Amino acid sequence: MNMNRWVDDRLAALDEADGWQPDTARARARLRELDRQARIRRRWAWVAAAAASLGLLTFVQPRACAMPRGCVQNATEKNVTRPAATPAATPAVASAAKPQAAPAARQTSAVPNYKESGSPDAPITCEVYSDYECPSCAALYRDIMPLLVADYVQTGKVKLLHRDFPLPQHRYAKLAARYANAAGQAGQYDLAVNRLFQTQAVWSTNGDIEAQLASMLSPEAMRKVRDMVEHDSRLDETVAADQAMGMNDGLHATPTLVIVWKGNRQTISPIPSYTFLKSYLDQLARQ
Amino acid sequence: METREAPFDFEAFFQAQYGGIARSIGRVVGDHARAEELAVEAFWKLWRSPRAHGENAGGWVYRTAVRLALNELRRQKRSMRYELLSRDGTPSPTPEEAHAAAEEREQVRRVLAAINARQAELLLLRSGGLSYNDLAVAIDVKPASVGTLIGRAQHAFRQEYLKQFGGTK
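Read top to bottom, the protein sequences are chains A and B. First residue of the first sequence? That's 1 in my numbering, and the numbers climb one at a time after it. First residue of the second sequence? That's 1 in my numbering, and the numbers climb one at a time after it.
Rather than coming from a laboratory, the hints here were simulated on the basis of the structure. Being a predicted model, the structure only gives us computed values, none of them experimental. In this text, a Cβ means the ideal position worked out from N, Cα and C, and glycines have one as well. Treat the hints with care, as some may be off.
Claimed, not checked - Pairs of lysine to aspartate or glutamate, DMTMM-like flavour, derived with a Cα cap of 20 angstroms: (1) B/LYS77 x B/GLU104; (2) B/LYS45 x A/GLU33; (3) A/LYS224 x A/ASP190; (4) A/LYS159 x A/ASP143; (5) B/LYS45 x A/ASP23; (6) A/LYS262 x A/ASP121; (7) A/LYS224 x A/ASP236; (8) A/LYS278 x A/ASP151; (9) B/LYS77 x B/GLU121; (10) B/LYS163 x A/ASP9; (11) B/LYS163 x B/GLU104; (12) B/LYS77 x B/GLU106; (13) B/LYS45 x A/ASP143; (14) B/LYS163 x A/ASP8; (15) B/LYS45 x B/GLU11; (16) B/LYS77 x B/GLU103; (17) B/LYS45 x B/ASP140; (18) B/LYS45 x A/ASP35.
Unchecked claim - Listed next, with one range per pair, are the computed distances between beta-carbon atoms: (19) A/ASP227 x B/VAL141: 46 to 54 angstroms; (20) B/TYR132 x A/GLN198: 23 to 31 angstroms; (21) A/GLN283 x B/ARG75: 41 to 49 angstroms.
The shape of chain A in the complex, shown without the other chains (with noise of 0.2 angstroms):
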């Protein structure tokens, strides 16, 4: 007996030739309605989650140590002696070895900081401190970078600031770091930054991140990003002046967001859904 052919022939027996035509308009007006409950169900949850958010910012003292999720920063390693905390710790303020004057050279300076992204009269300022070898950094990255670049930074109502902050524990980290920035001085960031997060777990396992660069930059471009890594100190200027921030933030551990709104810097970590966050945005942006 042909086992196959047998139960085929019984399951055939579930065709039914009754012309039955599905009504695809009457399951799409099902399916709108569907879409409108839980619309309503999500405005309602945003109003909650925008109350307790600010009901949290105004009682309750910023904890950069608590952190459910991401990566935290080896106990052993929190003594390590960082850099001076600077108020600025961008690329440009790095490679003019003046970090004191940071803040005015920020400001004024003409070159674009490829860190920066956004409107530079932005009213508020998130900067995300992150570890390429962090899972919880990828997954931001993946999930909610996208969402916020492009519901505030595009509009203009947010400025993007990233930050480096590889953690001890995670071997290639800080050579990503260098990468990244190598490739932002090519003016590549965006998409080494991209690149990093999406293959962080095939050059985690062997450290051969310029293979997963090479797929993406030009030729020419990654040329200039390796000579970059091999012989430029002021990368790691660079990243040593954003840990230094970190730490001035209170910060050991990643993924990890810095609010700049009105002369305040607020730390969230771990950082929140982005549903949550938004909320968290909007109220700053109609006060």
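Got chain A; can you put chain B on it based on the hints?
Same frame as chain A, but now just chain B:
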């Protein structure tokens, strides 16, 4: 920073796939109205699962539909409404062939509701035309294992069928 991929055209996907998915559910549950409700539920799950959007969306929604259909079949069986529903949904048994087919359909549904859910799912996905590779993705196993699993599922189906209805078909 540009990180978004090309958007998934849910509307076009829905228009192209809804009929087929509803019919796939209908052949299991035997109730057209209920099949349409479950098909909407399957697409609603897809809509709310952005990670499923993409080239594998077809397999994803089909697998979801089969699961919903089997759950419904078991629910019907538990609440003893199965017989009523299946008889209401089948055409009038005026010609003898139609009557025999309806009877066979009912028997197959009873067997699917009785065997292991994963095996029933596998048989339905296969009878829906999924290749071994698609099946492997859908049920999250290695392609090399699909043949063995199908063989076991077919054996279980036949054993249950013979147990319930006897004979040496």
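Against the structure, the hints come out as follows:
In summary, the hint linking B/LYS77 to B/GLU104 is supported, as the alpha carbons are separated by about 17 angstroms, within the 20 angstroms threshold. Restraint check: the Cα-Cα separation between B/LYS45 and A/GLU33 comes to about 14 angstroms, which is no more than 20 angstroms; the hinted pair holds. Proximity of A/LYS224 to A/ASP190 is assessed by CA-CA distance (about 16 angstroms); at most 20 angstroms being required, the pair is judged to hold. At roughly 19 angstroms between alpha-carbon atoms, A/LYS159 and A/ASP143 fall within 20 angstroms of each other, so this suggested pair holds.
Between the alpha carbons of B/LYS45 and A/ASP23 the distance comes to roughly 19 angstroms, so the proposed pair stays at or under 20 angstroms and holds. The straight-line distance between the Cα atoms of A/LYS262 and A/ASP121 is roughly 12 angstroms, inside the 20 angstroms bound, and the hint therefore holds. Between A/LYS224 and A/ASP236, the direct Cα distance comes to roughly 17 angstroms. Compliance with the 20 angstroms bound is thereby established for this hinted pair. A distance of roughly 9 angstroms separates the Cα atoms of A/LYS278 and A/ASP151; the hinted pair therefore holds under the 20 angstroms criterion.
Taking the CA atoms of B/LYS77 and B/GLU121, the gap is near 17 angstroms; set against the 20 angstroms cutoff, the hint holds. Taken as a hint, the B/LYS163 and A/ASP9 pair is honoured in the structure, with Cα atoms around 18 angstroms apart against an allowance of 20 angstroms. Between B/LYS163 and B/GLU104 the alpha-carbon distance is near 15 angstroms, which keeps this suggested pair within the 20 angstroms criterion. For the proposed pair B/LYS77 and B/GLU106, the alpha carbon gap of about 12 angstroms is at most 20 angstroms, so the pair holds.
For the given pair, B/LYS45 sits about 19 angstroms from A/ASP143 by alpha-carbon distance, which is consistent with the 20 angstroms threshold. For the hint pairing B/LYS163 with A/ASP8, the CA-to-CA distance comes to about 18 angstroms; that is within 20 angstroms, so the pair holds. For the suggested pair B/LYS45 and B/GLU11, the alpha carbons sit about 14 angstroms apart, so the restraint of at most 20 angstroms is met. Among the hinted pairs, B/LYS77 with B/GLU103 is consistent with the structure: their alpha-carbon atoms are about 16 angstroms apart, no more than 20 angstroms.
Of the supplied pair hints, the one linking B/LYS45 and B/ASP140 holds, its CA atoms being roughly 19 angstroms apart against a limit of 20 angstroms. Between B/LYS45 and A/ASP35, the direct Cα distance comes to roughly 11 angstroms. Compliance with the 20 angstroms bound is thereby established for this hinted pair. Look at A/ASP227 against B/VAL141: about 47 angstroms separates their beta carbons, and that is inside 46 to 54 angstroms. For the pair B/TYR132 and A/GLN198, the supplied restraint of 23 to 31 angstroms holds, since their beta-carbon distance comes to about 30 angstroms.
At about 45 angstroms, the CB distance of A/GLN283 to B/ARG75 agrees with the hint of 41 to 49 angstroms.
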